[in-house]
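There are 2 protein chains.
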Amino acid sequence: MEKVQKPLILVTNDDGYFAPGLHNLIDMVKPYGEVLVVAPEVGVSGMSHAITIKTPLRLTLLEKTNGVTFYKLNGTPVDCVKMAINQLVDRKPDILVSGINHGSNSSISVIYSGTMGGAIEGSLNKIPSIGFSLCSHRMDADFSLTKKYSEGIFLQVLKNGLPDYTCLNVNFPVIDESSFKGIKVCRQARGVWKEEYEKRVDPHGGEYYWLTGNFKNNENGSTDTDEWALDHNYASIVPVRTDFTDHENLKKLENLTVMYHESFYK
Amino acid sequence: MEKVQKPLILVTNDDGYFAPGLHNLIDMVKPYGEVLVVAPEVGVSGMSHAITIKTPLRLTLLEKTNGVTFYKLNGTPVDCVKMAINQLVDRKPDILVSGINHGSNSSISVIYSGTMGGAIEGSLNKIPSIGFSLCSHRMDADFSLTKKYSEGIFLQVLKNGLPDYTCLNVNFPVIDESSFKGIKVCRQARGVWKEEYEKRVDPHGGEYYWLTGNFKNNENGSTDTDEWALDHNYASIVPVRTDFTDHENLKKLENLTVMYHESFYK
Chain V
84 MEKVQKPLIL VTNDDGYFAP GLHNLIDMVK PYGEVLVVAP EVGVSGMSHA
134 ITIKTPLRLT LLEKTNGVTF YKLNGTPVDC VKMAINQLVD RKPDILVSGI
184 NHGSNSSISV IYSGTMGGAI EGSLNKIPSI GFSLCSHRMD ADFSLTKKYS
234 EGIFLQVLKN GLPDYTCLNV NFPVIDESSF KGIKVCRQAR GVWKEEYEKR
284 VDPHGGEYYW LTGNFKNNEN GSTDTDEWAL DHNYASIVPV RTDFTDHENL
334 KKLENLTVMY HESFYK
Chain H
84 MEKVQKPLIL VTNDDGYFAP GLHNLIDMVK PYGEVLVVAP EVGVSGMSHA
134 ITIKTPLRLT LLEKTNGVTF YKLNGTPVDC VKMAINQLVD RKPDILVSGI
184 NHGSNSSISV IYSGTMGGAI EGSLNKIPSI GFSLCSHRMD ADFSLTKKYS
234 EGIFLQVLKN GLPDYTCLNV NFPVIDESSF KGIKVCRQAR GVWKEEYEKR
284 VDPHGGEYYW LTGNFKNNEN GSTDTDEWAL DHNYASIVPV RTDFTDHENL
334 KKLENLTVMY HESFYK
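Taken in sequence, the protein lines are chains V and H.
For my numbering, add 83 to where a residue sits in the first sequence, where the first one is 1.
For my numbering, add 83 to where a residue sits in the second sequence, where the first one is 1.
Any given hint could turn out to be false.
Note that the list lumps identical chains together, so a pair holds whenever it fits in one copy or between two copies.
Derived SDA-like pairs: lysine to any residue, alpha-carbon spacing no greater than 25 Å straight-line [claimed, not checked]:
1. Lys299 - Thr325
2. Lys242 - Lys299
3. Lys334 - Arg324
4. Lys231 - Gly150
5. Lys334 - Asn303
6. Lys137 - Gly265
7. Lys335 - Glu124
8. Lys209 - Trp311
Think of the hints as simulated: they come from the structure by calculation, not from any bench.
The whole structure should be built from the sequences, with the hints applied where relevant.
Pasting the structure below:
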């Protein structure tokens, strides 16, 4: 009788290989297959889809036991995914999970998120990929509800896959299970980070800045967004795609093809 | 008589404040308004939409003359744009230009691109924003054609604006003007970088990796993509949006909302 191969599960995150969110995620997926973890050596939140081109990448095996192979890499989540699928596996992973992030990646935060960078990179390689986040930055956050309901989402995707090039951005509210309403598939809320910079002076007299900011929701009460879901005690799932084309405005912008005319500059 | 304010033009790039592509862009826009440049201190290609959270940002004024104020910042293009609009201006920029990048940002490269990260950040703040790239990585590339035709695109956007939250990803082929066919507004080609890693050993015996790779176009000869345009001697303009939602598959994925059932795990 032919031996059935266990699913190959690729795991990454952006908070670093030591983050509790990552270890909760590993615990959650471990029963379902062979697990390969490649996680950043340090916290690299806000690294988006960045790749490391100008510095050498160093890969360190931390652990290889009991169905879990665990590496750290001095790179971004996207580097971790690329390294895993190009150097470390002999077959395509069946699923990729990224997180569980310490902090929200809803609305426009998806674009800054290293957690989602990792998940999106998986989807570019047609691996069904999910980024999980809990809306708390605390290192001692309680992941139990997130872990429990993420498992259901994970198993559905493992079983049914996802459309090619689409991944999931899953966010959980910080909430007791008794108040939890369930999961909503929704769209990314329109919003923006309103930034400020805190200016300081170092002990040597040099000025420097820290990025700070507040999220501003630009929706007018629409109930089909991730922000609405999270505010109303739901977990949100936004299917994320990698075609950045603004198809809606493609036709409208065709006038931009007019060629260079001297007269235009007068 | 009231004095009419000149347009405020914000300029950034990802190849660094010293890059010829940036200086070509500054020269091109300078006649049309007051120019504020905030550019990275070092080359930060591949930084995508990354932001700097964990290290202090240092801003250095390099030049303030003749309608051009020029800063360098030890951050990413997105940091440069945030710093500019939150710390350095007393009015909203009328337009943002990023580049001219040394190298293509067509197809899926848009997601890795720091040049486009800067442009997208502008569009998030409702500033009409354009990323310009020339498909050559050479530092001594000839920017004359790119500069000439970019000027026409720049002036149209300065005059007419862009839809809110939409920016432009403009790429120029490396070509003589006699062969140049013009400009095409098109969609992002479906494609992926097929990565490899070159493994080396340092003089101290430590192993490290360099990212390398080749672009793979996944289109079947469609003529409405940026890759097709560039391959056929056109410059490409892809309107880029920041809603990552996969609207096409939103409905299809609603089954993911099923709640946790013990039976599912049996």
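Results for each hint:
1. Lys299 - Thr325: Classified as both: same-chain Cα gap 24 Å, cross-chain 15 Å, threshold 25 Å.
2. Lys242 - Lys299: neither (37 Å within a copy, 28 Å between copies)
3. Lys334 - Arg324: Answer is both: 21 Å inside a copy and 14 Å across each meet the 25 Å cutoff.
4. Lys231 - Gly150: within (21 Å within a copy, 59 Å between copies)
5. Lys334 - Asn303: between (27 Å within a copy, 22 Å between copies)
6. Lys137 - Gly265: Cα proximity of Lys137 and Gly265: none, with 44 Å in one copy and 34 Å across.
7. Lys335 - Glu124: neither (46 Å within a copy, 37 Å between copies)
8. Lys209 - Trp311: Result: close only across copies, 23 Å inter versus 30 Å intra.
Checked against the numbered hints given earlier, this structure breaks hints 2, 6 and 7; the rest are met.
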